[in-house]
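**Q** Starting from the structure of chain A, add chains B and C where the hints point.
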Amino acid sequence: MSRALVYQTDFGIADGAVSAMYGVALKVDPELNIFDLTHDIPQYNIWEASYRLVQTVQYWPEGTVFVSVVDPGVGTARRSVVAKTTGGQYVVTPDNGTLTHIKKMLGIAEVRLLDESKNRLSGSELSYTFHGRDVYAYTGARIASGQQAFEAVGESLDPATLVELHHVDAVKNGDVLEGTIDVLDIRFGSLWSNISHELFSSLGIDYGKRVEVSIRNDTREVYRNTMVYAHSFAEVSMGEPLVYINSLLCVAVAINQGSFAGAYNIGTGTSWKITLRKAPRIVYE
Amino acid sequence: MSRALVYQTDFGIADGAVSAMYGVALKVDPELNIFDLTHDIPQYNIWEASYRLVQTVQYWPEGTVFVSVVDPGVGTARRSVVAKTTGGQYVVTPDNGTLTHIKKMLGIAEVRLLDESKNRLSGSELSYTFHGRDVYAYTGARIASGQQAFEAVGESLDPATLVELHHVDAVKNGDVLEGTIDVLDIRFGSLWSNISHELFSSLGIDYGKRVEVSIRNDTREVYRNTMVYAHSFAEVSMGEPLVYINSLLCVAVAINQGSFAGAYNIGTGTSWKITLRKAPRIVYE
Amino acid sequence: MSRALVYQTDFGIADGAVSAMYGVALKVDPELNIFDLTHDIPQYNIWEASYRLVQTVQYWPEGTVFVSVVDPGVGTARRSVVAKTTGGQYVVTPDNGTLTHIKKMLGIAEVRLLDESKNRLSGSELSYTFHGRDVYAYTGARIASGQQAFEAVGESLDPATLVELHHVDAVKNGDVLEGTIDVLDIRFGSLWSNISHELFSSLGIDYGKRVEVSIRNDTREVYRNTMVYAHSFAEVSMGEPLVYINSLLCVAVAINQGSFAGAYNIGTGTSWKITLRKAPRIVYE
Numbered sequence: 001m002s003r004a005l006v007y008q009t010d011f012g013i014a015d016g017a018v019s020a021m022y023g024v025a026l027k028v029d030p031e032l033n034i035f036d037l038t039h040d041i042p043q044y045n046i047w048e049a050s051y052r053l054v055q056t057v058q059y060w061p062e063g064t065v066f067v068s069v070v071d072p073g074v075g076t077a078r079r080s081v082v083a084k085t086t087g088g089q090y091v092v093t094p095d096n097g098t099l100t101h102i103k104k105m106l107g108i109a110e111v112r113l114l115d116e117s118k119n120r121l122s123g124s125e126l127s128y129t130f131h132g133r134d135v136y137a138y139t140g141a142r143i144a145s146g147q148q149a150f151e152a153v154g155e156s157l158d159p160a161t162l163v164e165l166h167h168v169d170a171v172k173n174g175d176v177l178e179g180t181i182d183v184l185d186i187r188f189g190s191l192w193s194n195i196s197h198e199l200f201s202s203l204g205i206d207y208g209k210r211v212e213v214s215i216r217n218d219t220r221e222v223y224r225n226t227m228v229y230a231h232s233f234a235e236v237s238m239g240e241p242l243v244y245i246n247s248l249l250c251v252a253v254a255i256n257q258g259s260f261a262g263a264y265n266i267g268t269g270t271s272w273k274i275t276l277r278k279a280p281r282i283v284y285e
Numbered sequence: 001m002s003r004a005l006v007y008q009t010d011f012g013i014a015d016g017a018v019s020a021m022y023g024v025a026l027k028v029d030p031e032l033n034i035f036d037l038t039h040d041i042p043q044y045n046i047w048e049a050s051y052r053l054v055q056t057v058q059y060w061p062e063g064t065v066f067v068s069v070v071d072p073g074v075g076t077a078r079r080s081v082v083a084k085t086t087g088g089q090y091v092v093t094p095d096n097g098t099l100t101h102i103k104k105m106l107g108i109a110e111v112r113l114l115d116e117s118k119n120r121l122s123g124s125e126l127s128y129t130f131h132g133r134d135v136y137a138y139t140g141a142r143i144a145s146g147q148q149a150f151e152a153v154g155e156s157l158d159p160a161t162l163v164e165l166h167h168v169d170a171v172k173n174g175d176v177l178e179g180t181i182d183v184l185d186i187r188f189g190s191l192w193s194n195i196s197h198e199l200f201s202s203l204g205i206d207y208g209k210r211v212e213v214s215i216r217n218d219t220r221e222v223y224r225n226t227m228v229y230a231h232s233f234a235e236v237s238m239g240e241p242l243v244y245i246n247s248l249l250c251v252a253v254a255i256n257q258g259s260f261a262g263a264y265n266i267g268t269g270t271s272w273k274i275t276l277r278k279a280p281r282i283v284y285e
Numbered sequence: 001m002s003r004a005l006v007y008q009t010d011f012g013i014a015d016g017a018v019s020a021m022y023g024v025a026l027k028v029d030p031e032l033n034i035f036d037l038t039h040d041i042p043q044y045n046i047w048e049a050s051y052r053l054v055q056t057v058q059y060w061p062e063g064t065v066f067v068s069v070v071d072p073g074v075g076t077a078r079r080s081v082v083a084k085t086t087g088g089q090y091v092v093t094p095d096n097g098t099l100t101h102i103k104k105m106l107g108i109a110e111v112r113l114l115d116e117s118k119n120r121l122s123g124s125e126l127s128y129t130f131h132g133r134d135v136y137a138y139t140g141a142r143i144a145s146g147q148q149a150f151e152a153v154g155e156s157l158d159p160a161t162l163v164e165l166h167h168v169d170a171v172k173n174g175d176v177l178e179g180t181i182d183v184l185d186i187r188f189g190s191l192w193s194n195i196s197h198e199l200f201s202s203l204g205i206d207y208g209k210r211v212e213v214s215i216r217n218d219t220r221e222v223y224r225n226t227m228v229y230a231h232s233f234a235e236v237s238m239g240e241p242l243v244y245i246n247s248l249l250c251v252a253v254a255i256n257q258g259s260f261a262g263a264y265n266i267g268t269g270t271s272w273k274i275t276l277r278k279a280p281r282i283v284y285e
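Respectively, the protein sequence lines represent chains A, B and C.
By my numbering, the letter at position 208 of the first sequence is numbered 208, and the numbering carries on one by one without gaps.
By my numbering, the letter at position 134 of the second sequence is numbered 134, and the numbering carries on one by one without gaps.
By my numbering, the letter at position 185 of the third sequence is numbered 185, and the numbering carries on one by one without gaps.
One chain only, chain A, in its complex shape (with noise of 0.2 Å):
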């Protein structure tokens, strides 16, 4: 049986582009089952489709092949690799950062380097641009039905050689956590950070206690405020804002039925920081 092969790109759906990268692969084998992570990183943003693998890949069979397509320098000099992750998956993917979640969070096994020159669909060699297609696409299929193997696809790279983004580490200072918004909930405009539930816990805050949450765009407090620590959306008021642990296990903020996100224009990367602590007793005197 062959495994399952999912795509994701910043090409959107609106064109032809993903249907060509299908096509391609069920002209390898018929008998493919292909999916979507999505198509809608948004353009050039390696940091979100490396976020959004390692959201999903661990929820997926050992053995599916991922093919992540978020490649502003395609026909440079930039390599192209497969990496199996701890959990048996395979992610063919540019090595331009994309590897950069699942290596920290979830554990990369192996990776070996993916000669384009080699694994290409046949015809291809006057197009320069897409690689999707002609590379990546037509690789996960093989790799996908058996047809290549992936200790054959080129020589074993370390991972310590894989381009990494940017990125900070939530840390405790005291009684305060800090960490940093790395992506949103999209359509909910929720808030998910790189702050653990196990780093949460340890501020000993119950659920039905209150928080103080601090956002910082660099230098600029964005917002700060005391909200619910809360199991849902809900158990707070509609309207209410909410810290939760999201489906990842991390600290997520929200309101409920509202978007957090657009309600105070918080954007996501490493200069978006967001501080947690107990909520301080208030009393009049």
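Derived from the structure by calculation, the hints contain no laboratory data.
Some hints could be false.
Identical copies go unnamed one by one, so any copy, or any two together, can satisfy a pair.
[What the hints assert, rightly or not] In the PhoX-like style, the derived pairs of lysine-lysine whose C-alpha atoms are separated by at most 25 Å in a straight line are:
1. Lys27 to Lys273
2. Lys118 to Lys27
3. Lys104 to Lys27
4. Lys103 to Lys27
5. Lys84 to Lys104
6. Lys103 to Lys278
7. Lys104 to Lys172
8. Lys209 to Lys103
9. Lys172 to Lys278
10. Lys278 to Lys209
11. Lys209 to Lys84
**A** The following block gives chains B and C in isolation, referenced to the frame of chain A:
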């Protein structure tokens, strides 16, 4: 052979949420055939989720398992259920009104309580906000693959106890039909009413004859004019309005190659009333 | 083994229309493999539907059945047809110009009339507006599953009788190439012209040399400047324009990590002309 599994959510497809739901199902059974109804239900809009189900369920094979996750009450005491339609399709969903239109227009043969503590992805106990992945996709996949019998999902419930959204039946008063605008044909801006083809036929208006259409939002009249009753758009001039019978055999109103909803800022729901009558003769004296 | 079935429409995926088309096909044969080209063709835009087909059809296996439904004339006397390309793929579509680019760029081996009254979902006789579900998806599924032979779909037609959209061939006048801007690479804002790689080669411009590009809309010149002819985007500076050969081996114009179409408000169609010539030497005296 496993049965088709069909997902509907308000999650969008720009992040990894839907893909994680696919992965979970394929871990249950890698041979499952998974499809999408839509993931663009407006956030928290249970009414539209209910309508999109009734628009599609009957066109899928008997035994198809739908998983519909528009779930503003995730994490609260709201029930989860699995319903079997009179056509033999299954719907796994929170009991929050999502089954309103199916119950009214197609009929529910049987409904069972879904015990979230028993029907849950192992290891997901700390995640309180993503039942789409942890409970509904997992359970839907188990039913579709035959690993979980519908009859053993949980206790049988009286369909009369299902949560229903407020809705109003279309009525005939003398020569006038009054109904509501249930939903839009989004891309084309057409209004889909709850007035059935049978009820409309009782007005005795032939194809090519004119209908007087009035649209009100609460007490405000938004539109009143006469238009042709046509088989399809191209029977009228470009830019001309028409009344037609839509693909669910209800009365609809459109502008040929324009957007009726956009032209007059018309919305949907029980506060949006539409009345139809045979157009009067206009006599100059 | 059944052949792949691929859908293209202008319906969007925010409502249940496409999903109903999937269900109808799976009722014909539950083992069918169904895929999407795109459902984001701008409403009624037959030109773009035609282009997206030529962009993808040839990358799919022989025998693949495409169903393309951009059908402003639904319900009128316009013909429905099934075409077989010279590459052996099938296209089920209204005869309204959707086959223009395939006929011109790939070639049509044979075309047959689709009799809508015989090739129709039973019970759909009262529905006049959704041939995508009732006629085209149903017929495409029957062909893909082998239940309906292409040869028995209806009488053979002369491909010369197919409706064709107005289009203009690229030409060479002395040292100047003139073509049209056929379509955009939507997400990246690149202009895709109808000037082939072969024709462009006749200018004798090497990679790394400069091209003078002029763009006119009717009589108004919208853009004129010189830019580098590069293999791919990353060979020029960020924000710099370039001429390149796109994935269909035609001349394209882009801005590296920007949007050329957005920067200069450039559209598509035969009124949008592009001319290319070797850039002049600039001599200061």
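**Q** Now look at each hint and say whether the structure bears it out.
**A** Hint by hint, here is what the structure shows:
{"no.": "1", "hint": "Lys27 to Lys273", "verdict": "neither (47 Å within a copy, 36 Å between copies)"}
{"no.": "2", "hint": "Lys118 to Lys27", "verdict": "within (18 Å within a copy, 33 Å between copies)"}
{"no.": "3", "hint": "Lys104 to Lys27", "verdict": "between (35 Å within a copy, 24 Å between copies)"}
{"no.": "4", "hint": "Lys103 to Lys27", "verdict": "between (32 Å within a copy, 22 Å between copies)"}
{"no.": "5", "hint": "Lys84 to Lys104", "verdict": "within (14 Å within a copy, 44 Å between copies)"}
{"no.": "6", "hint": "Lys103 to Lys278", "verdict": "neither (32 Å within a copy, 48 Å between copies)"}
{"no.": "7", "hint": "Lys104 to Lys172", "verdict": "within (19 Å within a copy, 55 Å between copies)"}
{"no.": "8", "hint": "Lys209 to Lys103", "verdict": "neither (34 Å within a copy, 41 Å between copies)"}
{"no.": "9", "hint": "Lys172 to Lys278", "verdict": "within (13 Å within a copy, 61 Å between copies)"}
{"no.": "10", "hint": "Lys278 to Lys209", "verdict": "within (8 Å within a copy, 63 Å between copies)"}
{"no.": "11", "hint": "Lys209 to Lys84", "verdict": "neither (42 Å within a copy, 41 Å between copies)"}
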